[in-house]
Amino acid sequence: MGTPLDVSFLDTDQTIIGSYLDVGILAYDGKNLHLLSGFRLNVEGRIVFTRNVDLLLQPSLPANIKFNSIISNEIGSRVALVGSGDVFIVEMPNDIWGRISPYYPIIGEHVLPSYYCKCALLGSSIQSGARSYDILKVQWYIKEYDETGPKINKIALLYGNNVIRMFDTAGTLDVPLLKIDLSPSVTELHPELSFQNSFGLRNNIVSFDFGPVIEIELEDGAFNTIFAIDYLLRWTFIVKSTVQSTKRLVCRVLPTSGPFQLSPLNSELCDFAYVRHCSGSNLPIFSLISNTGVLCHYVSLPSSEVFVENQIDFTFLVYDTIQLVRESSSFSSFKFIVDCWGSGHYFVIGKCNAYLIDITPWLNVIINSYNSGTSVENSDMKETSVNHIFSVLNGESKSSNPERVFITTVASSFMKADDVHCIDSPEGDATCEKRIIVAVATEDGMILTKVILYQLPISAPPSKVKLPLSYPQSQSLLEKVKSLFVSQPSIPKLRLVKSMSEEEALTTVITVIDRLVERLSLIKSAYAIVQSSVSNALEESEKLSKKQLSHNERLLEIVSEFTSMKTQIYAIREEVSKGKMKIDQVCSLLASRMFPLSEAEIAMQGTLEDLQTSLKGLKEQIPLLANQVAAERRRRFGVTRSFHSSINAKKFMLSKSSNEIDSIITWVKLLHKKIDRLAEKAGSEQLNRELQSRSLENSAVLQTRNLNKEAE
Numbered sequence: 001m002g003t004p005l006d007v008s009f010l011d012t013d014q015t016i017i018g019s020y021l022d023v024g025i026l027a028y029d030g031k032n033l034h035l036l037s038g039f040r041l042n043v044e045g046r047i048v049f050t051r052n053v054d055l056l057l058q059p060s061l062p063a064n065i066k067f068n069s070i071i072s073n074e075i076g077s078r079v080a081l082v083g084s085g086d087v088f089i090v091e092m093p094n095d096i097w098g099r100i101s102p103y104y105p106i107i108g109e110h111v112l113p114s115y116y117c118k119c120a121l122l123g124s125s126i127q128s129g130a131r132s133y134d135i136l137k138v139q140w141y142i143k144e145y146d147e148t149g150p151k152i153n154k155i156a157l158l159y160g161n162n163v164i165r166m167f168d169t170a171g172t173l174d175v176p177l178l179k180i181d182l183s184p185s186v187t188e189l190h191p192e193l194s195f196q197n198s199f200g201l202r203n204n205i206v207s208f209d210f211g212p213v214i215e216i217e218l219e220d221g222a223f224n225t226i227f228a229i230d231y232l233l234r235w236t237f238i239v240k241s242t243v244q245s246t247k248r249l250v251c252r253v254l255p256t257s258g259p260f261q262l263s264p265l266n267s268e269l270c271d272f273a274y275v276r277h278c279s280g281s282n283l284p285i286f287s288l289i290s291n292t293g294v295l296c297h298y299v300s301l302p303s304s305e306v307f308v309e310n311q312i313d314f315t316f317l318v319y320d321t322i323q324l325v326r327e328s329s330s331f332s333s334f335k336f337i338v339d340c341w342g343s344g345h346y347f348v349i350g351k352c353n354a355y356l357i358d359i360t361p362w363l364n365v366i367i368n369s370y371n372s373g374t375s376v377e378n379s380d381m382k383e384t385s386v387n388h389i390f391s392v393l394n395g396e397s398k399s400s401n402p403e404r405v406f407i408t409t410v411a412s413s414f415m416k417a418d419d420v421h422c423i424d425s426p427e428g429d430a431t432c433e434k435r436i437i438v439a440v441a442t443e444d445g446m447i448l449t450k451v452i453l454y455q456l457p458i459s460a461p462p463s464k465v466k467l468p469l470s471y472p473q474s475q476s477l478l479e480k481v482k483s484l485f486v487s488q489p490s491i492p493k494l495r496l497v498k499s500m501s502e503e504e505a506l507t508t509v510i511t512v513i514d515r516l517v518e519r520l521s522l523i524k525s526a527y528a529i530v531q532s533s534v535s536n537a538l539e540e541s542e543k544l545s546k547k548q549l550s551h552n553e554r555l556l557e558i559v560s561e562f563t564s565m566k567t568q569i570y571a572i573r574e575e576v577s578k579g580k581m582k583i584d585q586v587c588s589l590l591a592s593r594m595f596p597l598s599e600a601e602i603a604m605q606g607t608l609e610d611l612q613t614s615l616k617g618l619k620e621q622i623p624l625l626a627n628q629v630a631a632e633r634r635r636r637f638g639v640t641r642s643f644h645s646s647i648n649a650k651k652f653m654l655s656k657s658s659n660e661i662d663s664i665i666t667w668v669k670l671l672h673k674k675i676d677r678l679a680e681k682a683g684s685e686q687l688n689r690e691l692q693s694r695s696l697e698n699s700a701v702l703q704t705r706n707l708n709k710e711a712e
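Here the sequence shown is numbered in this note's numbering, starting from 1 and rising by one per residue.
Simulated from the structure, these hints should not be mistaken for lab results.
None of the values given here were measured: they were computed from a predicted structure.
Be careful, since some hints might not be right.
Said to hold, decoys possible - Under the rule of at most 30 Å between Cα atoms (straight-line distance), these lysine-lysine pairs were calculated in the BS3-like manner:
(1) Lys434 <-> Lys143
(2) Lys493 <-> Lys382
(3) Lys619 <-> Lys580
(4) Lys382 <-> Lys31
What the hints assert, rightly or not - Pair by pair, the computed Cβ-Cβ distance ranges are:
(5) Asn161 <-> Thr292: 40 to 48 Å
(6) Asn706 <-> Arg573: 46 to 54 Å
(7) Val43 <-> Gly108: 44 to 52 Å
(8) Ala528 <-> Ile452: 22 to 30 Å
(9) Gln686 <-> Asp584: 52 to 60 Å
(10) Leu506 <-> Glu540: 26 to 34 Å
(11) Ser535 <-> Ser501: 44 to 52 Å
(12) Asp514 <-> Ile452: 22 to 30 Å
(13) Asn161 <-> Ser501: 53 to 61 Å
(14) Glu690 <-> Lys616: 41 to 49 Å
Ideal Cβ positions, reconstructed from N, Cα and C, are used throughout, including at glycine.
Could you build the full structure based on these sequences and the hints that come with them?
See below:
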């Protein structure tokens with residue numbers, strides 16, 4: 001169940017809608033705000049919403065005030081109600097925006113059905129002056145994708161007197177934080193179009209937007225930028241050190257340069273916007289549109305890396321120019337609405353038409369060429385995708401007061417948080433498809449809705465390493481089918497006004513039928529491509545199944561051969577073990593049949609054993625003799641060491657027993673010589689014995705080999 005979105009505000013004085021992050025749509029009914037969420041399709045195919053949070057404004061707004069847009073900041077904490085001369089700031093409840101996660105963008109069950117919200121006028125001290133100017137554009141500051149730091153609640157307003165005022169909505173709302181007067185820049189090159197020298201017509205700043213954050217050499221920190229453009233299509237570039245401070249302010253008029261100029265527009269400029277995408281800091285892209293529906297995309301490149309005389313230059317290159325449907329209504333105007341749900345996407349709305357512009361096809365080609373180091377000229381450059389979403393047909397009524405209906409605002413939101421379909425591509429990259437609701441509000445309170453399928457790229461986690469796989473470089477089936485429909489204009493959702501005549505309605509229906517017939521032929525060709533691809537896939541599948549059967553048969557043969565070889569190996573192993581057992585038996589028999597020693601060898605062995613015994617006894621006698629010598633020395637010299645007291649006493653004691661000491665030394669030397677002779681004799685006998693044993697072992701080995709040969 002749910003409430004249909006298209007007829008929910010038919011009985012209200014005015015209906016203004018706007019996107020609220022990617023979780024819902026804000027709607028103003030002339031008294032209060034409403035946050036609509038939980039969108040889905042009912043059984044009739046209509047878009048319904050299941051949740052409606054009433055935001056009661058305190059204090060209440062004046063009854064006669066009119067608004068033309070609703071915009072929220074990047075975190076959803078504040079919402080701006082923008083009128084032609086007034087801007088009101090509404091503080092959203094913390095229950096709504098404080099718990100919204102980028103990974104789970106949905107309004108939780110804890111949110112109450114209604115809240116009281118504080119509402120205050122922005123710049124009330126400015127409006128109290130003698131002369132007030134219309135507000136041409138209002139823009140929240142939105143951080144870049146790679147910009148860090150806390151969220152910024154700052155909003156900038158462009159007034160009709162070429163003045164940009166920036167307010168901090170987290171602080172005071174009466175006094176602006178920053179004021180930029182662009183009148184000197186506007187009249188610098190054309191003094192005749194100034195306020196004093198003009199009559200009726202004069203050059204003004206038409207639009208502005210926050211630009212990318214730039215880093216300048218020889219300067220500390222990054223610099224925020226503001227770009228503005230006037231009726232003569234001349235750029236104004238403002239640089240300031242940070243959004244919070246105003247210690248540096250540089251204002252200079254920069255003419256465009258490059259292979260193309262803005263003169264092909266040949267019309268007045270309506271709006272200008274900085275298209276935000278993931279690589280905006282490295283590749284800034286701007287969009288311009290004129291009152292005749294000419295849409296241009298510009299790529300901005302800095303022509304200098306440092307400030308020269310406190311200035312910096314930019315070069316603007318035109319990528320493409322697109323002619324949208326020209327509107328027949330008087331004073332036709334277009335404006336940009338940059339939503340936050342998609343990178344490289346934005347809306348263009350006019351009096352009777354609404355478009356969704358997608359620059360990601362050619363933007364991805366440029367970024368991939370830059371990352372891979374290849375030339376863009378060698379790449380297959382894509383075109384900008386233009387999706388004509390809505391169209392209001394008023395007809396050409398000849399009455400004095402014809403009934404006409406125009407589009408006022410546009411909004412978008414995701415269908416459901418869990419409405420995600422992931423598709424794996426052959427290259428290994430995954431894309432996530434999500435359904436998005438796009439709604440436009442008309443002056444009579446009608447809301448037109450349409451569902452668009454949007455692809456969100458999913459980056460692989462950094463922990464996983466992609467292996468280099470080789471795939472055929474042929475075009476995929478999805479790309480072939482898409483290429484058929486890209487060149488053809490899209491069919492918008494139409495609304496016919498009652499004031500249209502029957503002839504105009506029939507003409508419109510015939511045009512739509514012709515377009516549908518063209519689409520039908522494209523669908524038939526796409527069906528033929530898909531059918532041929534499916535038939536080829538079936539044939540390849542049959543071939544693969546046959547190859548798989550042959551491979552399975554061959555695999556069975558290999559397995560049987562492997563089993564037989566394994567059996568043979570087991571038999572060979574058994575024979576080898578039996579041979580080893582026979583060798584062990586022969587070796588044991590040979591060891592028992594060895595020839596005995598001769599008498600001379602037996603005598604030599606006995607002598608050697610006697611020598612070893614005597615040598616062992618002599619070695620044991622050495623410490624005993626040493627003890628006897630020490631005891632004799634103690635007996636003769638005593639235990640006292642008084643002879644160390646003087647040299648004369650030492651000489652006296654040595655001379656007294658010199659004869660006994662000499663005899664002991666001689667006897668010890670003779671004993672050492674006898675021990676050395678016995679050791680030499682024992683070593684020679686041991687060497688002879690080892691030589692004989694080695695010869696016996698060699699003969700035994702030869703006999704063993706002969707026996708093995710006989711056994712074989």
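Legend entry - Structure versus earlier hints, numbers of those that do not hold, lowest first: Violated hints: 3, 4, 5, 6, 7, 9, 10, 13, 14; rest satisfied.
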